[in-house]
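**Q** The residues making up each chain are set out below.
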Amino acid sequence: MRGGWFLGCAIAVAALCYAAARLVGNNYVFFAGYVVLQYVVLATAWNILGGYTGYVNFGVAGFFGLGAYTTVALVKLAPVPIPVLILAGGVVSGVVGLGMGYLTLRLRGAFFSIATLAMAIVLQTLMVNWEFVGGSGGAYVVRPAKVLGIDYMQYLFLVMLALTVFAVAVARGIERSRLGRGFAAIRDDEVAAEASGVPTLRLKLLATVLSGALMGMAGAPLPYYVTFLEPASAFNLSYAVNSIAMPLIGGTANWVGPVIGAVLLGTLQQVATVTISSALNLLIVGVLLVGFVVAAPNGLIGLLGVRTPRSRRWRVLAWLRP
Amino acid sequence: MDLSFDLLGNALVSGLLLGGFYAAVTIGVSISFGMLDIVNIAHPAFIVLGSYGAWELNERWGIDPILGSLVLMPAFYALGAGIYQIYHLAFERRGDQSLRGLAFFFGILFITEVVLILVFGVDYRLVQAPYIGATLHFGVIEVPLRLLVPCLVSLFLIGLMQILLSRTFVGRAVMAVAQDAGALRLMAADPVRIKRIAFGLSIATASVAGAVLIVIQPVEPSVSRDYIGRVFAICVMGGLGSFPGTIIAAMIVGIVESLTATFYGPSWAPAVAFGFLLATLAVRPAGIFGRS
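Protein chains in written order, with my numbering: chain A, 1 to 322; chain B, 1001 to 1292.
For the record, the hints were derived by calculation from the structure and aren't laboratory data. Among the clues, some could well be false.
Pulled a few chain A residues facing chain B out of the computed Cβ check, cut under 7 Å [said to hold, decoys possible]:
| # | residue |
| --- | --- |
| 1 | Thr104 |
| 2 | Gly109 |
| 3 | Leu203 |
| 4 | Leu206 |
| 5 | Val241 |
| 6 | Ala279 |
Even glycine gets a Cβ: it sits at the ideal position worked out from N, Cα and C.
So here's chain A without its partners, still in its complex pose:
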């Protein structure tokens, strides 16, 4: 049970994170930590489609914002607990991912990318026009002071921590399974994969749904975190830039890359937002993204010299092996 061993380790690391944050004794640590963890989830989710199958999703902000707005809509109807909201956000974003994928994934990858980019903007338009969730004026979500005897901010932090463990475990599980070998076969040579009997469209759709659902799940607790949500901030393009930059900076080959990228870049941004302006902070992310894709195509992992020994042919063959 190597998977169980990994999960145990991940939970232990998460528990250590929480203990360390408690030790600092400043609530700001939870505020900042939440954002970093949220980016670990987003980067990991993006990498399931982008890193494993090679299809670029520019609509991260769309899936993320959709999760957040699912929460706003549900909370207006009934007092739903956060775990249910996360599940709902995941389902809504996953279904949208399925629809988008079904329409565009049969074509070249570029069309999918363009469609996702346009989708994020259209979803924003939709929310601006939907008065029930506040329209362009935005919506307030009241954050309870305490839940289960702990401070609500700490509770949100714990929820995001659990989600992070879940997302990383899913990504790692995919990587080591037959599914992951199928994804890699698509990334390396889609025609050869199709010819070898890999059901490419079905696998691509599955990757899109999984990735989109995780993004929606990451967005679901957002209204409680910010307490005031409006379309321009929920669908902000900077979510997309960050979630693409993090895996590409860390390395897209396996689950470690996005985690390293998100922790480094996320922490850097938290520091930069406090010390220098936030626009400059976004400029840094953009420049790092372009710099890394041009100069270090395998990310930090590649720079450190870690390489996966599997050849292309091996991946296609690996799919055929039961």
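Fit chain B to the known structure of chain A by using the hints.
**A** Only chain B this time, still in chain A's reference frame:
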């Protein structure tokens, strides 16, 4: 039925004029995406850069924005050629266009927008020109000059590009590289050089498109986002790289958007292009006028 024909007529005319302008915005993508197969999603950002170039010249020396944009075209050409050189060395040569090439242009899109915000701020900018504000009247139909002039300039720009591509040696080489880069190499022409020229031209059109944009509407750095869906919807509908197809697709999108804005409200207009994009991709990915 209280649907007024004045309103309908005016919506149709302004949609048609808007369509001409959209064609100019798309023409650069028709060259880069349609012919060279370079997915330049940063093109709308370069257009907004063009708007700010025209604004700067207009504000500082009172130069007409469209005239100013023609002056800036060589600079945009150089910028495009430079970006292509990086793109070629870092991605095309390594055969790594799909994932990292796309991320590269996405990064460029974002950097351009943030730099514009840092330099000019997020205020809306306007230009001054004699044709802004005046309106021609044909019976009940009103033709505002600030839509008519951009439309004519756009059609002129596209005509110029069409002549350049079909009549000159370099232009024909660009068409050839779109069909078969390998064959071009056998003819002892360097496809990389030809593509660099073509990509430079595609970015050069962004200068004029940007000037036209700032004549039509006030501009702030994130305006480019509204044009991403529109530009690619028109480009794909027009059949990737076909100029007449691009113009017709642009007119269709312009008219439908204008009707939507008139009868349902302007906040729904951005959804129109996206609907067209998805429908085209789902039903006929080669575009209405493309070779299938």
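**Q** When the structure is checked against the list of hints, which entries are broken? Sort them ascending.
**A** 3, 4
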